[in-house]
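> Using the supplied hints, reconstruct the complex from the two chains, each of which is provided in its own coordinate frame.
Quick mapping for you: the protein sequence lines, in order, are chains A and B. Numbered per the numbering used here, the first sequence spans residues 777 to 1036. Numbered per the numbering used here, the second sequence spans residues -1 to 282.
Some hints here could point you the wrong way.
Residues from chain A that face chain B, not an exhaustive set, calculated with beta carbons under 7 Å [claimed, not checked]:
no., residue
1, R781
2, Q788
3, K803
4, A806
5, P857
6, S858
It should be emphasised that the hints constitute simulated quantities derived from the structure, not laboratory data. Nothing here was measured: the structure is a model prediction, and the numbers come from that model. Backbone N, C-alpha and C define an ideal beta-carbon position, used for all residues, glycine too.
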Amino acid sequence: MKTLREIQDSFQRGILAGDDAILTEVKDSAKEQRKVLFGVYRYAYTARLAEIVGEDYEQLHAYLGDQAFDKLVKAYIAANPSDQRSARWFGRHLPTFVRNDATFAKHGEVVEIAELEKALTDAFDGPDAEPLRIDALAAIVPDDWPLLVFVPQPTAIRLTFATNAADIWSALKSETAPPKPLHLPEPQAIVVWRHDFMSRFRPLSTEEAMMWDEAAKGVRFGVLCEMVATFGGEDDAELRAATYLKGWVDMGMLAGCRTA
Amino acid sequence: MINEKPPYLGFGLGLRPQHYREILDGNPAIDWFEVISENYMIEGGQPLYMLDRICERYPVVMHGVSLSIASTAPLDLDYLAALKKLAARVNPKWISDHLCWTGVHGVNLHDLLPIPYTEEALDHVVDRVGQVQDILGRRLTLENVSSYVTFGQSEMTEWEFVSEVARRADCWLLFDVNNVYVSAFNHGFSTNDFLHGVPRDRVVQFHVAGHSHEESHIVDTHDHPVCDEVWDFYRETVAHFGPVSTMIERDDNIPPLAELVDELNHARAIAAAVREGKRLEAAE
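Chain B extracted, bound-state conformation (with noise of 0.2 Å):
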C-alpha cells in the first residue's frame, strides 16, 4: 500500500482533448493536470498517444467519475481493474473520485449522486473504500459533490460525514471549493463551517470551478469561468489549509488554453497574497 501523503503539486488544469496539441507544442505555466480516468480507459489511438506524451513532461493525477463508492451495488471489479491498469501507464500522483454513487441494478446515471448522511451509509462507505484501497494498493482521494437534495433521514452534516469517512477509512480528501459553495447555497449551510469542518491534514486537492445560477438553487455545470463569490471562498479556503495543489474544472464550454491559464493565475495570486500575508502578520 502506497501510504505516503501525496506531494505538493502546485496549479494545475483538467486535460482536455481540445487543448493537447497547444499543451504539447508550446510550454503553458501549467504545473500538472488532471486526467478524467474513464476517458482513457480505452485501447488505443491519439487520447492514450496523448496521455503518454503528457504524462512524460507533466505530473498528473486520475480523476474518476464511475466508481460509485457509496452505491449499494456491488464493486465492479473489472472497471477497478481497469483504473489500476491505466494507473500502471499514468503512475499517477494519486487516484481520485467522489464522495457519491452514479447507478444501481447495473445502471449508470452519469451523475455525482448524493445519500443520506446516516451511520448505516458511513459503515457501507467506510468498508467500500477500504476494498478499493486494498485493490488498488493505494488510498483513495476523496471528493465532496454538488447536491441539490437533502435526505430527511440524514442523522450528521455532510462535513461530519466527509470527515468521518476519511478518519475511519484512512483516505484523502479532494476539497471542492465550488462544490461546497454550491451545496451551501442549496441547503442554507455555511461554508466557513463545511471548511473548518474537515480535517486538515487529510486534505491534498483543491477543485475550483464554474457553476449555474438559477436563482432559487445554483447548479454545478463547469461550463462557466469561476466567480467572485467562489473566489472569495477560494482565498478563505488557501488560508485554512495552506498550499493544497489546485486545478480549475472545466468541462463545457470550454475555452481557449490561455483562458484558463489565465484563471490559474489567478489562483496562484490569490494564494500568493494570502502567503504575503501570513508571512507580514507573522512578523509583526
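This is chain A alone, in the form it adopts within the complex (with noise of 0.2 Å):
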C-alpha cells in the first residue's frame, strides 16, 4: 500500500504533468471513469490560475486577443506551478515570462503593458500610509526648505518605458482603439502608486523624473532645486522644482517629509 506521501506526489504529477500513475490508486464510480473524474482536479487547476492571471492582466489580455492571451497563460501556467498560499500572487512573473517568450520579442510593447498592469496590481494592496498634505508642507519655515527630503508612498513603483505602453494601455482601459505601437525616441518614465484606495499611473517629464528618482534617494530639497537648474536650465529652476513638488503632493504621491 502505498504511503500518504507517495499518494500526494503521485496525484500532484497527475495534476501538474498529466502523469496517469494516479489512477490507479483511485476508483471509477458507479456512474464514471476514473480518468474522467481525476480530470476535475487537472481542469480546474489550469482554469482556476488563468482566471487569476486573467483578471489581473485585463488590457494585455484585450490587446493581445482571445487566442493568443489563452496561450501564453497557458504556458505561463505550464511554466510556473504556483509556490503561493494566495493565488492573488501567482501572475508576479508574467511580465519576465513575456519578456523571455521568443514570440513577444519583438514587441516591447507587450511586455510593458504587463509590467504596468502588475505595478497596478501591486500597488492597490500595498502598505497603507498617509498622504503628505499641502498644509503640511506651508508649515515649514522658509529656513527648512532646503533641508526637506521627501519620502514617496510606499507603493510607488517607477517603471521606464521605451513604448508607447502606457498610452495603449490607457486606451484599452477606456474601451478605444489603441494606438500603434511605437518605439519612443526618449524612454518614458512612469511612476505607480496608490490613492484614495485607486492604483494610479502618470508619465513624467524626463526632467521631473530625474528629481523623482533623486529625492526617493532622500536628496534634501536644495540640492534637488540645484539639480533641476543644472538638468533643465538656471532660469526659474526653483519655481519648476516647486512645481513638480507641489504635484506630488496634489495627487498624494508622497507620504512624508522631514529636514535632514
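The following block contains the structure:
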C-alpha cells in the first residue's frame, strides 16, 4: 500500500504533469470513469489560475485577443507551478515570462503593458501610508526648505518604458482603439502609486523623473533645486522644482517629509 | 487556548469585494460575515480598510483555503504566523479551513484535494491539527470538502474519518451541506449516513452553496444559486443539528447582494419552519 506521501506526490504529478499513475489508486464511480473524475482536478488547476491571471492582466488580454492571451497564459501556468499560499501572487512573474518569450521578443509594448498591470495590481494592496498634505508643507519655515527630504508613498513603483505601452493601456482601459505600438525616441518615465484606494500612474518628463528619482533617494530639496537647474537651466529652476513637488503632493504621491 | 464552543451567529454571507459599498451604505439583513483569510493577508489598501469597517459592525469568522492540514509537506509556519496576525486584527468568532491538502514540494495547486481515509492519514491529520491549534491558541474548525475521486486504499467512510479527526484532535466541524450532497452523488453514498455519522456537538457552522451538475458527476463550483435538492438536505440538516450558524457561499458569477440576501432569507425560512414543526411536535 502506498504511503500518504506517495499518494500525494502521484496526485500532484497527475495534475501538473498529466501523469496517469495516480489512476491506479483511485476508483471509477458507479456513473463515471476515474480518468474523467480525476480530470476535474486537472481542469480546475489550469482554469482557476488562468482566471486569476486574466483578472490581473485585463488590458494585456484585450491587447493580445483571446487566442494569443490564452496561449500565453497556458504556457505561463505550465512553466510556473504556483508556490504561493494565495493565488493573488501567481501572476507576478508574467512580465518576465513575456520578456523571455520568443513570440514577443520584437513587441516591447507587450512586456511593458504587462509590467504596468503588475505594478497597478501591486500598488492596489501594498502598504498604507497617510499622504503628505499641502498644509503640512505650508507650515515649514523658509529656512528649513532646503533641508527637506521627501518620502514617496510606499506603493510607488518607478518604471521606464521604451514604447507607448502606457498610451496603449489607457486606450484599452477606456475601451477605445489603442494607438499603433511605437518605439519612443526617448524612454518614458512612469510612476505607479495608490491614492484614495485606487492604483494610478502618470508619465513624468525627463526632468521631473530625474528629480523624483533623486528625491526618492533622500536628496534634500535644496540640492534637488540645484540638480533641476543643472538639468534644465537655471532660469525658474526653483519654480520648476516647486511645481513638480506641488504636483506630487496634490496627487498623493508622497507619504511625508522631514528635515535632514 | 480558547476552548469554549463558538456562539450561534444566525445567518451570514461570505464577504465579497463586489458588495463592500452596499453593505456599508445599507443595512442588509445579514447577521455575520465569513472572510477568506488569504484575501486579507496583504499589506494595505482598500480590502483591509473595508475589512476593518465590516469588523466594526458585524461578527466575522475567518475561512482559509491554504492551510493544507492533510498535506505531507511540512506545516507552513510563515502562513500560520500571517493567519495569527490577521486573527489579531479581525478577532474572529472562529477560524476554519478544509479537511484536505493543497499541494506538496512547495507547490500550491489552489484546490481542496482529497485524501485516502486511512489510519495513517488520520494520525497525520490529528497530529497537524494539534500543532496548528497550539500555534493559533484556539481550536480550529474543519470543513468537509467536495471530492470527485475515492481511493482504493480507504479504510473508513468520510464521515467516520471526519468524526475521528474532530474527536481525537478536539476541533470543531464546519458541515458543508452542499459538499456532502456533491460527494454523496459522486461516490454513491447516502447524505443521511453522513448527516447522522458526524458528532452533533462538534458542528459549529453550516455552508450552503450552488454547484454544477455534469450528469455523471457534480462539480462544486459555487457559481449558481442553491438548488432545491440542497435546500431539501439543508432542511434535514437543520432538523438534525438544531440551530447552527449558517452561511451562503458564492465565489463566482457573484450576483447583486439583494439576491444573496433572498437566498439567506430562504435559509432562515427553512430553519424557522423546522423549529416550528418541532415545537408543534413537542406540544402534541
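> None of the hints should be skipped; say for each whether it holds.
Consistency of the hints with the structure:
Interface hint status for R781 (chain A): upheld, as the beta-carbon distance to the closest one in chain B is roughly 4 Å, under 7 Å. With a cut of 7 Å, the hint placing Q788 (chain A) at the interface with chain B holds, because the nearest CB-to-CB distance is about 6 Å. Among the interface hints, the one on K803 (chain A) holds; its C-beta lies about 5 Å from the nearest C-beta in chain B, closer than the 7 Å criterion. A least Cβ separation of about 5 Å between A806 (chain A) and chain B falls short of the 7 Å threshold, and the interface hint therefore holds.
Because the beta carbon of P857 (chain A) sits about 5 Å from the nearest beta carbon in chain B, less than 7 Å, this interface hint is met. For S858 (chain A), the suggested interface contact is upheld, since its CB lies about 5 Å from the closest CB of chain B, less than 7 Å.
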